[in-house]
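The listed protein sequences correspond, in order, to chains B and P.
16 is the number of the first residue of the first sequence in my numbering; add one for each residue after it.
6 is the number of the first residue of the second sequence in my numbering; add one for each residue after it.
What the hints contain is simulated information worked out from the structure, not anything from laboratory work.
Please read these numbers as outputs of a predicted model, since none were measured by experiment.
Any given hint could turn out to be false.
[As the list claims (entries may be wrong)] Below, computed lysine to aspartate or glutamate pairings styled on DMTMM-like, alpha-carbon distance capped at 20 Å:
| no. | chain 1 | residue 1 | chain 2 | residue 2 |
| --- | --- | --- | --- | --- |
| 1 | P | Lys420 | B | Asp567 |
| 2 | B | Lys37 | P | Glu365 |
| 3 | P | Lys130 | P | Glu78 |
| 4 | P | Lys352 | B | Asp288 |
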Amino acid sequence: MFHLSQDLNNEVLNSEYPNIQKLSQDVYNQPNDIKAWDALFDEYDKIIDDSYDMNDRNSISQNLKDEVYKAYKSLLSRFPLLLAYWKKWSILEYKLNGTDASIDILRLGVENFPNSVQLWNDYLTASETVEKEGSREKMDKLLEEALRHNSYDYNSGPLWNKVIEFEKDNDEKVLELFLKVIRIPLYEYAQFYEKFQETCKKFEIGKIIPEKDLLDYVKKFGKSKIIELSLIEKHQIIDDYITKIYSITQAKVNSSWQYESNLRNQEFKIVVDQEIKDEIETWLNYIRKEIEVYKNDNSDGQFNLICNLFERMLIPNCFNSDSWLKYLKFLNDSRREDSFELQKEVYLKINSRFIPLNKQVTRFMYVKLLLKHDKLDDALEYLLDWIKLYSGIKLYFKQSYLESITELVKMIQHILDMEEFRWVLKKWINMYFDITPSKKKQEEEVKIDKIPMSVINQVAKYLNDDSICIIIESHLLQLQAQDQTEKIRQFYNQHHTRPCLSISVKFWNFMFQFEGIHQHNLNNLKLIITYIKNESNLPKLVIDQFINQYYDIANANLKKILLINDGKSDESIIKRDLNISNSIFYNTATQKRSSEYNYMLKHNNNKLKQDEYIRFIRKQIGHPGIFIDSTPDITNKFMNDGNYIDLTENDIPIPPLPTFKNVEKASQNIKYPKD
Amino acid sequence: MPSYQGNRNKDHYNSKSFRSNNNRNAGGAPRSYRPSSSSYKARQNLYQQHSISHNKADQLQLWMGDIDSQWNEEFLMRLWTDLVTKPVSVKIIRDKANPSKSAYSFITFQSQESIDLALQRNGQKIPHSNKTFKLNHASGGKSQSGSHDQTTENTLFVGDIALEVNEATLFSKFNLKYPNQIQSAKIILDINTKKSRGFGFIKFSNGDVMLKALDEMQGMIIGSKAIRLGIAAGSETTNTTSQKETKIDYHKIPIAQHQPELNKWTDQNNTSMLISGLNTKFTIREIENLLLGFGNVIYVELAQDFDKCYVKFLNRHEAEQAFLYLHGSVINECRLKVSWGVSVPVKDGAVKFKPKLVNEGKYEKNIDVPSIFITNEYVNKRLDIINESVRGSLFKLDGSEPKSIIEINDLYFNKKLNQFEILNDSLY
């Protein structure tokens, strides 16, 4: 179960077909369930097959066409790496709208999934047929793009073939391609070597072999100039040269093969299974080996090879932020000039498309990268954008939102100096609670140059009941650092009953540690623990921890506790176990809290709240959730009202038959709550 | 059955005791019919009517009624194999003249446990059909065949006998009307109070006389009440197979109540819950904090829209406590509603369960987890996210083995660490 940022644009598809409507709803509810999608597409296929007429393009209504388009688009914009569905879509589109439309889909495919050799192959083949007489230039560009992304892919043989085949009339280009491809470790490396051997003889020797190497050869043959070489000698030299390259490539291919042969899951799957997880190690070993090579050779080719390996590894692992971070680390460590740009490109791509919304690491890493390169404004803007998104345009992503706010506060603390930071925190709290400081107390406006005021105000706009607690904690910590004990207590007195603080673990933890450990004020600590126990809305587990901690502190300071309580022992020491017990009946503090925060009770009388809560619990005891109002009972029990049996009597009378109450009610059908 | 034998002996003993000491309860029971060995034997036989002692094979047989005309022996064999165990044999008895009429059958099992298990199905729905189980001990039918024993012949059942009427009175009333035709009279006593239970039996030497008496003596007033007569079960002259009165098993309390269909609400071992009304205002960590105070959690999963949460506890009592605590509560300004959920077993993953999201298909019974003792120093865990090594040590903590000081210290230390974690890891 995970969310991607694409979810925020998701909508339920509307359809005139009731079946489709239902399946669309399923897909909307379970967008990560490929079976739901399959069911939807199968249904579309059925409908289309029913009314499809080969010769009539208009046999399918435009509405239906649009629907299908939307359905595929929403799946593939969520999961652009689903190769099979791109292909399926393009075939369907061909059926519905013809060649151009189908090619358009493939174009979309390679744009969204540029590392797929197969998709490029399909796209190039299809484009070729259309563009026969059309612009060569366009084709050239496409081929270049295809090679840019995939030339170092171990399985890119077919793509190379395609490119060489297309350029066959352009000798120079072909030579350039061959010289490149024979150096790359490909699965089909031998094939290219053989082909090149066949054709290479027609090229000028100087174009194949760099001058430096060529001069070495010339020397070996005992000549002083290239022109002096005979044709046979030239051919001998070329053969020798490319055979040398061949043997180097062969060695590379062999060493890669031990890894490639173990990587069986190279396709993208929505649900990452154990096999994919197991193969990560193989990928990393593979990449480590290549990085070792790169350390000695530092060539562009090797760098691109490693990048390509990372990209391929990240097809099945695209949701795994750890793997992406390894790639980014490699880019960062490469010390190349374009390292920042490359990292930026990757970060932007993965943050917006792949990394699930609950994983923040790469997003924060990008912010740090921006800060490192002195792009403070960009960093703030980027973080704010995410905060805005998480805060609930469509859904409130609480976890991610709070993490981002925490990150933001950290960042601002880092950028500003202490005085400014404190001022900002105070300003945020005042803005949030709508407090205007009295004129006397009004502190001087602190001038902040490093961060524009507009940003500060914008952050204030995105604060909510949860995140304000983070700000408050930072504020209190700052006060503590300044030894402003009075101010902290003032703040407590003023604000501790606010509803937003009644659920803040951070706030209560701070107050507890402050009075208990920092100030050693047991009187205040007792007040705090009593408030937590009886009034707060914290989870029981958290309250238990406070009670335990208080117990430890109280036991360690028995003397003081006795003084506070006029010589009596403290109740919370004796009742510790009761107070953390899970029994609603015995744990009166829980009773009190729960009766306060339960919407199913009809609160008429404050005093009776707890009684009512106990009744509420009793009705469902043994069968939680099912409320039984009347339990059957015997009304004339032996032991009631002196009806006991005198066992000293000789002739014991037969007691009357029992009479019952609530039997009929209890034997009625049980009403189970509806979901 | 053995228990009933015991009761019979007790009854037997009682009758002996008042034979030698004829006061109080038995009143002035006339010696006329009692000492005669033949009539005494007859009475013994009468008792046997209520407790026909079967051989073992008979006891392991089950009567099953309301058999659909479509079903065959194979079907029943499969049915019982699925539900209980493979029966030893299955025999369907059909009305040959009218095969479409619903038939009955006898199922023989290996053991008494299987019979008991099978009998619990009585009244429940039969899988893959719209019929319900009609089951009984096959002994009912057997006693019928035992009626060839002449001792159970020609017996009338007498009901509504007034409490003050004793066996002698009953005997003399009938004997007066049909002299020398009455072999014995018996009133059934309550074993605890020794008082009359208000019914009894009259044995006639002749079937015709019995039928005549059935007609003539019906509604006759003996003592303060009019008696009610009927042909006693097992008597040769009748085809009645009703054996209800004779089938009292004091060990079992027959529950006639209809058992509700097994679903997530009625399964007493269900530990899956669905918490709704979260309204996006909860992080997974907060929900964990709400739950882990009560027990080990198998999984916690937020729904796609963050409004629901699927939870499964390890133990039922933990789930119940959490349920009671959370149902109806207002947390983070959200009104929580808890209901029982459904989980399905899966093959892979850290835990072997996942929530069932779509409410379709039959509910599958939840497997009960054996309850284990867990020391109170132990910190509850979320089993789907802890790593293998912790999972391994988790269930060693059952308190059955003495722990070393180091282990105890470890537990204590972990508890403190957990306390620290809970208080300091909160996001806000």
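Verification of the supplied hints:
no.: 1; hint: P:Lys420 x B:Asp567; verdict: holds, 13 Å
no.: 2; hint: B:Lys37 x P:Glu365; verdict: holds, 15 Å
no.: 3; hint: P:Lys130 x P:Glu78; verdict: holds, 19 Å
no.: 4; hint: P:Lys352 x B:Asp288; verdict: holds, 12 Å
The structure agrees with every numbered hint stated previously.
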